[in-house]
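Residue numbers (the numbering used here), protein chains in the order written: chain A, 1 to 311; chain B, 312 to 622.
Only part of the chain A face toward chain B is listed, based on derived beta-carbon distances under 10 Å:
no.	residue
1	31
2	35
3	82
4	102
5	123
6	140
7	144
Cβ-Cβ distance ranges computed for the label pairs, FRET-style:
no.	chain 1	residue 1	chain 2	residue 2	range
8	A	21	B	419	18 to 26 Å
9	A	303	B	558	57 to 65 Å
10	B	614	A	74	34 to 42 Å
11	B	341	A	19	33 to 41 Å
12	A	117	B	584	45 to 53 Å
13	B	326	A	208	44 to 52 Å
14	B	493	A	68	34 to 42 Å
15	A	108	B	603	28 to 36 Å
16	A	194	B	589	50 to 58 Å
17	B	584	A	155	46 to 54 Å
18	A	108	B	464	39 to 47 Å
19	A	117	B	601	27 to 35 Å
20	A	19	B	438	19 to 27 Å
21	A	165	B	333	51 to 59 Å
With a straight-line Cα cutoff of 25 Å, these simulated PhoX-like cross-link-like pairs (lysine-lysine) come out:
no.	chain 1	residue 1	chain 2	residue 2
22	A	49	A	207
23	B	384	B	501
24	A	49	B	360
25	B	466	A	49
26	A	73	A	190
27	A	73	A	185
28	B	583	B	518
29	A	155	B	360
30	B	518	B	466
Rather than coming from a laboratory, the hints here were simulated on the basis of the structure. All C-beta atoms, glycine included, are put in the ideal place defined by N, C-alpha and C.
Protein chains: 2
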Amino acid sequence: MISRTLRARIFDEQTITGRLASLTPLASGSELVLGIGDDCAIYRPRGSKEDLLFTADLFIENVHFRRETHNPKDVAHNALTRSLSDIAAMGGSPRFVLAALCVPVWADGRWVTRFFDTLLAETGATGAVLAGGDLSHAETLACDITLCGAVPRGKALRRDGARPGDGIYVSGSLGGSALGLAVGKGRAWKRHLYPVARLAIGEAVRKLGATSAIDISDGLSTDLRRVCLASGVSAEIETPPVFPGASLDHALHGGEEYELVFTARPRTRIPKNIAGTPVTRIGTICKGHAGQVMLNGAPLQPRGYDHFQKR
Amino acid sequence: MISRTLRARIFDEQTITGRLASLTPLASGSELVLGIGDDCAIYRPRGSKEDLLFTADLFIENVHFRRETHNPKDVAHNALTRSLSDIAAMGGSPRFVLAALCVPVWADGRWVTRFFDTLLAETGATGAVLAGGDLSHAETLACDITLCGAVPRGKALRRDGARPGDGIYVSGSLGGSALGLAVGKGRAWKRHLYPVARLAIGEAVRKLGATSAIDISDGLSTDLRRVCLASGVSAEIETPPVFPGASLDHALHGGEEYELVFTARPRTRIPKNIAGTPVTRIGTICKGHAGQVMLNGAPLQPRGYDHFQKR
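Using the sequences and the hints given, assemble the complete structure.
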């Protein structure tokens with residue numbers, strides 16, 4: 001989210017992943033139930049009652065963070081949260097982590113030790129374990145966290161399950177992370193620096209029968225559109241809950257929120273508070289033009305984050 | 312293997328991974344059967360007859376390759392081979408790949424397309440599929456390939472299974488990759504640029520009843536020592552088969568070979584050729600001092616590659 005100013009690219013992330021998804025059709029009978037295009041891939045081990053969820057997320061110096069503002073604990077927390085949030089969005093519980101870390105000269109043994117101590121502690125707190133990974137020196141610091149989670153067979157929350165008439169819900173309030181990045185201090189900065197993966201909410205709404213879910217990593221406008229595209233539906237929403245002090249733009253387009261957006265059938269009763277976090281209904285899934293999101297009756301453009309988009 | 316000259320570090324890779332392994336004891340009854348410290352982690356899904364193997368490997372610009380010498384196909388091939396080789400060393404067959412790619416400004420859409428086309432083709436050739444990953448812009452190119460493989464339950468080849476009296480075997484000949492890196496041309500350079508993961512050999516010797524295995528990623532002296540340390544044994548070897556033109560130093564300490572070293576009980580008949588590749592007995596596992604490797608009667612120091620070792 002930091003350096004959006006790198007040279008404009010001639011391709012965008014959606015184009016690349018869309019092309020890859022089209023080139024990797026899933027063989028029927030394959031253990032891989034879902035491949036590229038959702039928060040996680042779904043693997044169904046032969047004979048098992050559980051589906052395994054897999055996600056990999058990069059966290060990179062001078063792209064996602066700067067070492068002046070993020071200490072090793074912050075880096076480990078954010079790197080892990082990105083992957084945990086993907087597991088939360090599928091309604092899963094974390095099982096194990098593989099951590100690949102590129103270590104530049106400025107990161108000494110103390111830095112690496114503090115990074116892994118935080119990674120171990122926070123992984124353990126979710127019930128998962130660090131199972132392996134890779135270490136290399138490098139010119140800049142980067143880490144890739146691969147996380148495996150589990151759900152009962154066939155029960156993962158996917159992006160393609162939203163149906164016309166479903167209610168649209170969001171956890172917490174939006175815009176805090178983008179505001180924090182802009183002002184660099186106060187509650188909003190803390191929100192940016194210490195996002196929380198909504199694991200308990202994801203698991204709870206999966207059990208309640210939610211029909212689809214996604215985590216807000218690139219902005220509500222962009223991520224809700226992804227659900228609509230995958231489900232072949234449109235969405236009509238009103239203004240979502242806004243983090244105190246944040247603008248509507250922050251709330252609609254700001255990334256790295258890690259709140260969940262999910263949908264549920266009209267008859268499904270969704271509590272107003274889950275695991276201490278408010279859950280708010282912000283709209284309804286409609287037929288309409290697939291992928292279109294309407295805010296208070298007007299089209300909402302997806303202006304969230306794309307790593308390779310011109311801006 | 313290229314830039315071994317980065318500033319000497321105050322810690323080494325073995326120290327970090329050893330500490331992490333000691334901090335992540337495996338809970339009894341956990342699905343994670345084997346964690347940090349082998350070529351792959353082993354996960355046993357509830358109710359499944361298969362164990363899943365997981366490995367993650369980094370491949371980084373100016374550390375593992377230079378863009379002047381490696382085109383996108385070469386980068387994809389090498390990045391994937393590192394992980395495939397870990398699955399081969401455990402006797403597994405590849406199932407799916409997660410690819411995380413950091414894309415710098417110099418790598419345009421054509422570069423990224425060619426990278427993924429190679430990754431898709433080579434992944435498919437092993438019977439596996441690209442299941443997901445992550446993409447980000449970055450200052451330097453790096454990729455992390457996470458690979459899942461499978462073996463029948465309890466049958467993975469581990470580092471800790473070597474027993475006194477076992478024969479020690481190596482596939483192919485050694486030193487070609489190190490020679491190629493030194494001379495930058497000819498057959499040896501091709502060997503360096505296009506290493507082959509010995510999947511068929513790993514699977515064959517697992518079925519024959521091999522007791523342990525490892526792939527030579529950091530040099531025979533270092534990797535055989537790892538088997539001996541994990542198994543609590545020593546090894547007595549003679550000169551291994553040397554790649555034409557390579558020195559004994561190249562063969563003993565050169566990394567990125569991706570040949571397999573494995574052990575088998577004396578009664579196990581190991582063919583002299585598996586899947587078109589020579590397999591040579593180079594020695595015997597002994598009681599002795601755990602971790603010690605003797606070459607033609609004299610101690611062999613582990614002078615293979617460590618990312619953070621002073622040199």
